[in-house]
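Student: In case you want the letters, here they are:
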Amino acid sequence: MSHSDTIPLHPSSQSDIDEIENLINASVQSGPATVLPARPPSPPRASIPISSSPFIASNLPPPTYQKPPTAPGPTTPAVIPVSDSRPSPPDPLDSVWDTVKRDLSRIVSNLKLVVFPNPNREDPGKALRDWDLWGPFFFIIFLGLTLSWSASVKKSEVFAVAFAVLAAGAIILTLNVLLLGGHIIFFQSLSLLGYCLFPLDVGPLSLIVVTITLVWSSWAAYPFMSAAVGPRRKALALYPVFLMYVSVGFLIIAI
Amino acid sequence: MDRLQAPEENYANPKTCFFHVLFKAAALAFYILSALFVDNFVIIFVLTVFLAALDFWVVKNVSGRILVGLRWWNEINDQGESIWKFECLDQESLSRMNKKDSWLFWWTLYLTAAAWILLAIFSLIRFQADYLLVVGVCLTLSIANIIGFTKCRKDAKKQIQQFAQQTIASRVSSTIQSAFSVV
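The listed protein sequences correspond, in order, to chains A and B. Start counting the first sequence at 1; every next residue gets the next number (the UniProt record's numbering). Start counting the second sequence at 1; every next residue gets the next number (the UniProt record's numbering).
If you are wondering where the hints come from, they were derived from the structure by calculation, not from laboratory data. Please note that a few of the clues may not be correct.
Residues from chain B that face chain A, not an exhaustive set, calculated with beta carbons under 8 Å [to be verified]:
(1) Phe41
(2) Val42
(3) Val62
(4) Asn74
The model shown is predicted, which means the values in this text are computed figures rather than measured ones. Glycine included, C-beta positions come from ideal geometry on N, C-alpha and C.
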């Protein structure tokens, strides 16, 4: 990454990075305050200048970053965070928990953006800005488990087929959009199609409910997909999506 | 090797190293042992993939930062373009990273990927498509981390070069300026 890269960051990405920054600060700055035989005493740096990225310099909201840079010099006990009283190496568990919370909240917010009606649907590109694949991962596994559990025969095959169909289906649908000349980002689309699986996950397994939920899934995916391709090719892009959800619906009903 | 000459240099982050190795080993061990003892493919699949996903998360978010000072992620900017970011700590902090930590980090990454490739070959030979699926998912996760962190490292090396060039350039220019000011 070049030093001239000054693309302003999306606000939620910034807060993620703030958090990561604080965690790195915590793990490095607690060095001198604790007795670590292994590590040579590191002068507590005022900040971790992560040199390739511009965000240290300009893009982050000042309040978050006043804390480290205002620390004057080598000995800055005022800035050293929580772990200064502990004799043991800095416990990463706190920061791990923070990261877990951040990821979980991202899953929830992505879900809300994609599946539920909200004003952001007119601007689909913005909605899944913070794509992640954890949500889709859990939904696919859950759907596979449900199918497999309710299947009377060939449970393992059902699960494997469901997983493979959904995963391969998402990839192929994304490629379809890209090949139609659409502008969509690969992982964003995978993430989207995975999140749209959510209604099918939670609907109980009867014909009517499954029909409703698959229509809901398709409706959820519609604005994102249609925004990605030109008007003449919308149907070409959307039809396979609908087909995939219909086939998943059939899987649910039939097995 | 380092072990012989630096007795005082132990693992600087033993807990992180432990977790770094734990989930990888657990996923591999569970997969191998369960193929012998457990009959239920679904459980094998779900647990193995879950452990592999946990390992991916731990390596990317925790041990990458703490053991080798690298991180990578993806962002989508306002224009809707996808940007991959690869970053490292500055040179001083990087050189202070514990050698054992980083040795462990990289070697376990490579070994795990190699192990999954081996298991993939086994399941190919036995024509077990469903087990191949499991191994495929785990391998994808391992390789994703390897690629991400290797790019971070390359970026780090590029920065060393840039930094060196800049330092030389600024030194040269300041020397010339001071030479001119004297004259």
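Student: Does the interface hint hold: is B:Val42 within less than 8 Å of chain A, judged Cβ to Cβ?
Tutor: 5 Å, holds
Student: Min Cβ distance, B:Asn74 to chain A: is it shorter than 8 Å?
Tutor: Hint on B:Asn74: holds, closest Cβ of chain A at ~7 Å, below 8 Å.
Student: Would you check whether B:Val62 satisfies its interface hint, that is, whether its CB is within less than 8 Å of any CB in chain A?
Tutor: 6 Å, holds
Student: B:Phe41 was flagged as interface toward chain A. Is the shortest Cβ-Cβ separation under 8 Å?
Tutor: The hint holds - B:Phe41 has a Cβ within 8 Å of chain A, the shortest such distance being about 3 Å.
Hint compliance for this structure: every hint is met.
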